[in-house]
Amino acid sequence: MERPRHQGMAKNTYMRWRLPLVCLLWEVAMIVLFGVFVRFDAEADAHWEEEKQEKNLTSDIENDFYFRYPSFQDVHVMIFVGFGFLMTFLKRYGFGAVGFNFLLAAFGIQWALLMQGWFHSFKGGKILIGVENLINADFCVGSVCIAFGAILGKTSPIQLLVMTLFQVTLFSVNEYILLNLLHVKDAGGSMTIHTFGAYFGLVVTRILYRPNLEQSKDKQGSVYHSDLFAMIGTLYLWMYWPSFNSAISEHGDAQHRAAINTYCSLAACVLTTMAFSSMLQKKGKLDMVHIQNATLAGGVAVGTSAEMMLTPYGSLIVGFICGIVSTVGYVYLTPFLESRLHIQDTCGIHNLHAMPGLIGGIVGAITAAAATEDVYGKEGLIKAFDFTGTYQTRTPSVQGGFQAAGIVVSLLMALAGGALVGAILKLPLWGDPAAENCFEDDIYWEVPEDEESDAYHMHNPDKASSP
Amino acid sequence: MERPRHQGMAKNTYMRWRLPLVCLLWEVAMIVLFGVFVRFDAEADAHWEEEKQEKNLTSDIENDFYFRYPSFQDVHVMIFVGFGFLMTFLKRYGFGAVGFNFLLAAFGIQWALLMQGWFHSFKGGKILIGVENLINADFCVGSVCIAFGAILGKTSPIQLLVMTLFQVTLFSVNEYILLNLLHVKDAGGSMTIHTFGAYFGLVVTRILYRPNLEQSKDKQGSVYHSDLFAMIGTLYLWMYWPSFNSAISEHGDAQHRAAINTYCSLAACVLTTMAFSSMLQKKGKLDMVHIQNATLAGGVAVGTSAEMMLTPYGSLIVGFICGIVSTVGYVYLTPFLESRLHIQDTCGIHNLHAMPGLIGGIVGAITAAAATEDVYGKEGLIKAFDFTGTYQTRTPSVQGGFQAAGIVVSLLMALAGGALVGAILKLPLWGDPAAENCFEDDIYWEVPEDEESDAYHMHNPDKASSP
Amino acid sequence: MERPRHQGMAKNTYMRWRLPLVCLLWEVAMIVLFGVFVRFDAEADAHWEEEKQEKNLTSDIENDFYFRYPSFQDVHVMIFVGFGFLMTFLKRYGFGAVGFNFLLAAFGIQWALLMQGWFHSFKGGKILIGVENLINADFCVGSVCIAFGAILGKTSPIQLLVMTLFQVTLFSVNEYILLNLLHVKDAGGSMTIHTFGAYFGLVVTRILYRPNLEQSKDKQGSVYHSDLFAMIGTLYLWMYWPSFNSAISEHGDAQHRAAINTYCSLAACVLTTMAFSSMLQKKGKLDMVHIQNATLAGGVAVGTSAEMMLTPYGSLIVGFICGIVSTVGYVYLTPFLESRLHIQDTCGIHNLHAMPGLIGGIVGAITAAAATEDVYGKEGLIKAFDFTGTYQTRTPSVQGGFQAAGIVVSLLMALAGGALVGAILKLPLWGDPAAENCFEDDIYWEVPEDEESDAYHMHNPDKASSP
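Protein chains in written order, with the UniProt record's numbering: chain U, 1 to 467; chain F, 1 to 467; chain C, 1 to 467.
For the record, the hints were derived by calculation from the structure and aren't laboratory data. Accuracy of the hints is not assured; some may be wrong.
As the list claims (entries may be wrong) - When the alpha-carbon atoms are kept at most 25 Å apart in a straight line, the in silico DSS-like pairs for lysine-lysine are as follows:
1. F/Lys52 to U/Lys55
2. C/Lys11 to F/Lys282
3. C/Lys426 to F/Lys283
Said to hold, decoys possible - From the derived model, a few chain U residues whose C-beta atoms are all more than 10 Å from chain F:
4. Arg16
5. Phe67
6. Lys123
7. Lys126
8. Met231
9. Arg340
10. Thr388
11. Phe402
12. Val408
13. Ala419
14. Leu427
15. Glu436
16. Glu449
To be verified - Part of the chain U face toward chain C, derived, beta carbon under 7 Å:
17. Cys23
18. Glu27
19. Glu43
20. Ala44
21. His47
22. Leu57
23. Asp60
24. Ile109
25. Trp445
Using N, Cα and C, we set each Cβ at its ideal position, and we do this for glycine too.
Use the sequences and the hints to build the structure in full.
This is the structure:
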């Protein structure tokens with residue numbers, strides 16, 4: 001076949017030494033840092049037998065493992081299969097979607113264990129980890145997966161690793177400010193994960209703006225089966241989101257409540273997404289892009305408030321609104337952002353994570369401010385917002401104010417951090433693809449031949465018939 | 001391309017105003033009804049701290065959430081990924097299979113929370129929900145997913161929503177009659193979910209009979225990769241069925257036992273399905289349709305009895321028989337039903353749910369009738385069949401009789417309900433596709449272009465080579 | 001179409017009577033044996049109410065079901081979806097990969113319940129089963145799935161069933177020797193599952209050596225979407241491996257620790273796999289074969305030691321090494337084994353299971369030998385290695401020696417067993433395919449026509465354009 005492929009490949013995308021070097025050196029660094037710092041926490045350590053006696057625990061079932069491990073595994077699936085497959089919708093970028101997501105998340109969880117560990121689990125010079133740390137590491141990486149969605153198909157694996165390094169670091173700082181300094185509640189991460197991750201990614205993609213991206217326009221769409229692969233990602237995100245929002249809530253009613261609220265919000269979101277997907281299209285047909293993404297906005301938007309007494313109908317309202325906002329965003333805002341603001345947002349994370357994340361922060365602030373002893377019970381209120389110690393005298397309305405402050409902090413951190421990291425990624429060191437090679441696995445992956453020739457036939461029916 | 005597509009499209013399948021209107025209005029109704037009625041139950045409410053003290057519970061692990069949440073998530077996966085992907089086997093209806101299943105289930109779980117709530121969790125004017133309600137809502141929707149299998153590819157999304165509204169309502173009534181009035185045991189829903197759902201769907205599809213359906217015959221088959229997508233659905237249903245049948249059983253041994261029995265039954269079912277799939281085909285080759293469906297019949301058929309002392313070998317026998325019955329059904333009964341009784345059953349739910357559901361009801365009745373204090377222990381027998389209060393004096397053999405009555409009631413409710421709903425769906429209001437457009441995503445979905453031209457090439461190799 | 005397919009089909013692959021006969025007779029045998037031997041254990045039996053009182057258990061949550069069921073379901077997914085889909089990478093063997101894996105595993109778990117039951121759960125003439133037995137049965141079948149990987153595409157379903165029958169038997173004997181006679185720890189099965197399963201399969205495929213296999217060389221590769229299907233398998237294996245290695249560990253800290261260690265090892269493994277995949281390819285591109293397989297080696301290699309105090313950084317080191325060993329194996333060893341030693345290893349199980357399994361055994365032996373009271377605590381050390389009863393006086397260093405002996409025994413059992421079973425499978429009774437029909441679903445499966453003609457076009461673009 002004489003097809004002149006990648007004729008304009010001006011850029012050097014050769015990964016052979018750069019990628020291995022980064023992977024190996026960074027992994028060695030992880031080993032050294034883990035060696036110095038990371039140990040098991042009391043419930044995962046072999047001394048647990050003695051610990052049990054000290055704490056007067058009568059049964060192994062009291063180990064935090066049994067409270068959180070099922071949710072952890074659901075979250076784990078969301079990060080690797082959920083985000084990974086959601087992004088396989090592109091016709092020729094399935095390997096990159098699922099494979100690079102795998103790479104950055106595998107690195108990210110290690111770095112997150114360290115970063116979050118230093119901030120939250122540092123005792124006696126050691127980071128003590130248990131299942132809750134694993135969940136938090138997955139959460140932190142979730143925010144990177146979100147940002148990845150904005151730049152999907154336009155970056156090299158090295159850029160993704162660099163972004164992960166910085167974003168995990170900044171995530172942890174932001175999380176520390178919110179959870180520890182502002183004493184904000186955000187168990188499902190509307191602010192820390194979604195708002196932060198999405199605006200971070202949007203700024204990065206803005207800085208990496210590619211004026212000639214229309215050269216790979218034909219590869220920015222999906223094919224029939226790639227849309228079905230993406231639905232695997234969508235459904236696992238959708239189904240397990242109740243686990244996501246409840247995974248690190250307090251034991252007992254809080255976890256229980258968070259799951260129910262999220263379940264309700266997501267259900268409502270599906271209906272308004274379908275409604276607006278059909279309504280906003282001239283022929284009234286449903287658009288897979290909306291179904292794959294906007295149906296999830298309801299989970300994002302109760303991330304802060306799910307563990308509070310949002311109530312099932314409150315959750316339905318939030319889901320109702322977010323399905324609309326998100327779908328409308330896909331139809332009107334994404335093209336506007338691209339043409340006017342030069343924000344090329346491959347997966348539309350602005351619609352799925354940024355706006356619903358902000359809504360989630362606001363809903364959380366309102367729900368917190370509206371909390372009363374009547375609704376929560378005296379002890380319930382203290383437990384729900386951890387009004388103990390230094391925060392013993394904080395009232396719900398003050399809490400609402402701090403929650404609102406948390407949104408602003410997350411947003412600012414994301415914008416500043418994204419600008420910094422975007423600038424770093426713009427350096428001509430990382431082997432990113434030329435505009436005409438975006439959204440194409442062939443640059444970084446060995447792609448099986450058969451299907452390529454098949455794809456070739458698809459795109460060039462004329463030539464196929466007269467070779 | 002001059003291909004005259006959908007030339008006979010006499011019917012108006014334009015969804016632009018009808019679908020959004022239904023989705024939005026119904027979702028608003030859900031919000032209002034949830035606002036009036038739905039609250040958290042004691043274990044999900046912030047007052048749980050006080051509740052714990054009242055009930056003398058020493059640990060949060062006693063919250064029902066920890067007993068049932070892992071099973072809930074498995075059931076959730078079965079409804080959305082299991083049923084959704086099982087139906088993607090059709091070559092050009094993958095979006096409809098997984099997307100409409102998503103839509104109807106998302107609406108259905110909300111309506112089911114209300115309907116089942118009024119019957120079972122109504123206290124002081126409020127429906128109090130917890131994780132068990134979520135499981136039951138998923139179960140209820142499962143019966144709609146089953147009925148969807150019969151009419152797959154032949155209905156509009158609005159018809160599916162209308163069917164969901166009515167079927168969930170009737171399901172709840174039937175369930176109330178069985179569980180509360182007849183005091184029947186049916187934790188895995190052989191009667192309430194499978195028998196009811198399947199016969200309901202079969203009557204609906206009978207009433208919606210399309211004499212010219214052979215016009216879309218070429219689209220009723222699968223392609224290689226669509227069969228693999230369907231296997232994702234099959235395997236998740238198969239693997240998680242032990243969770244399905246044990247999800248709402250009593251804590252402790254009943255949940256444990258239900259999982260083991262189901263595991264055994266399903267294993268046996270795979271072997272007889274494979275055996276008969278090969279035996280009934282002239283060339284002795286295995287048929288994906290059987291593997292995708294009949295392997296699951298063993299799970300359906302122990303739905304009632306799995307939590308009883310069916311024993312592992314009893315389960316193997318049930319699975320053994322159902323693999324045969326179901327496979328034989330696909331080979332001989334489905335064509336017969338279509339040609340003689342005008343029942344066009346796209347997924348063969350008669351073989352996977354109707355017959356095994358009936359068998360399951362019968363096995364349950366026999367197992368109940370055969371229960372003895374020797375096998376269950378004195379307390380065990382009382383606990384297993386809830387022979388307390390009004391039912392204190394009921395004996396196992398009487399229980400067996402009531403179980404049998406439950407089958408008959410479910411069957412009659414399904415036939416009557418299916419007839420009613422079928423008649424409603426026949427009204428020329430809902431935008432169903434013309435016969436030549438059945439099994440075709442293009443009617444209701446934006447379908448990516450590339451692959452369509454690819455599919456076009458596949459079906460018309462001659463034209464492809466001389467355009 | 002005049003394409004002369006399977007022209008050289010000298011072998012009789014007609015399954016119509018042989019496969020059904022084997023399936024039905026063996027299933028009947030299972031029923032009889034289950035009827036004679038298998039009953040519920042105390043925690044799944046209806047007498048549990050009384051059992052609870054005897055054991056002074058205050059809550060149903062103490063039932064082993066709640067400690068192990070979530071892990072069981074994860075393991076179950078690994079066996080059926082994980083292994084099944086991992087093997088769908090071949091362009092025309094997806095049905096066989098997922099379907100035959102389904103068949104052999106469904107039979108294998110039944111036979112394993114019996115075999116393992118006689119060795120480990122035999123009380124008063126009965127095998128008493130609970131959730132832990134289900135996990136162990138899945139584990140045992142896992143070793144068969146591994147061996148299946150070596151002979152994938154080259155055997156008939158009957159051969160696979162025969163292999164399963166023998167391999168499960170030998171697995172159980174080997175497991176008994178290791179766990180009971182040598183008192184070895186191997187909760188994640190580096191030795192019993194991976195080393196045994198892999199070397200067993202390698203010997204079988206050596207004995208079944210096909211000199212003319214290059215006749216089906218064109219079908220040994222993948223296509224774009226088959227590689228994505230395989231990634232579903234990869235990711236589920238990767239994500240749920242922490243559950244695999246912790247599923248049957250002691251309650252409490254051991255399960256907790258095993259999950260954390262495995263999580264860490266797998267994360268490191270991804271980075272070194274990516275590094276070496278890129279480094280060992282001239283163009284520096286990543287190879288899907290490595291990503292699909294070598295990323296999992298880290299889970300295999302902590303199978304023995306994960307529940308010990310391996311520590312997170314120890315796990316990182318193991319994962320680091322195994323990603324390299326496994327990837328290098330795919331690039332250099334697999335071609336060598338095929339050309340020089342005539343070992344045709346379809347999935348490269350030597351790289352994913354054999355070498356990492358051996359490493360896992362060695363790491364386990366070292367970790368055990370290095371155990372101290374300081375690290376484990378006095379009670380912790382006794383509990384971790386079960387130094388009670390007969391083994392009360394065993395020291396960690398002696399334990400290390402026994403662990404090492406366990407590796408040797410597993411290896412020898414695998415080699416001898418594989419030779420025996422390979423010889424049996426070589427008998428001309430089982431309907432295996434001719435060399436030119438290997439890696440082709442069409443021999444044993446009804447394959448939908450459309451896609452075949454599509455595949456036909458792909459391979460023969462010339463003919464497609466001038467029919």
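**Item:** Hint numbers contradicted by this structure
**Value:** 5, 8 and 22
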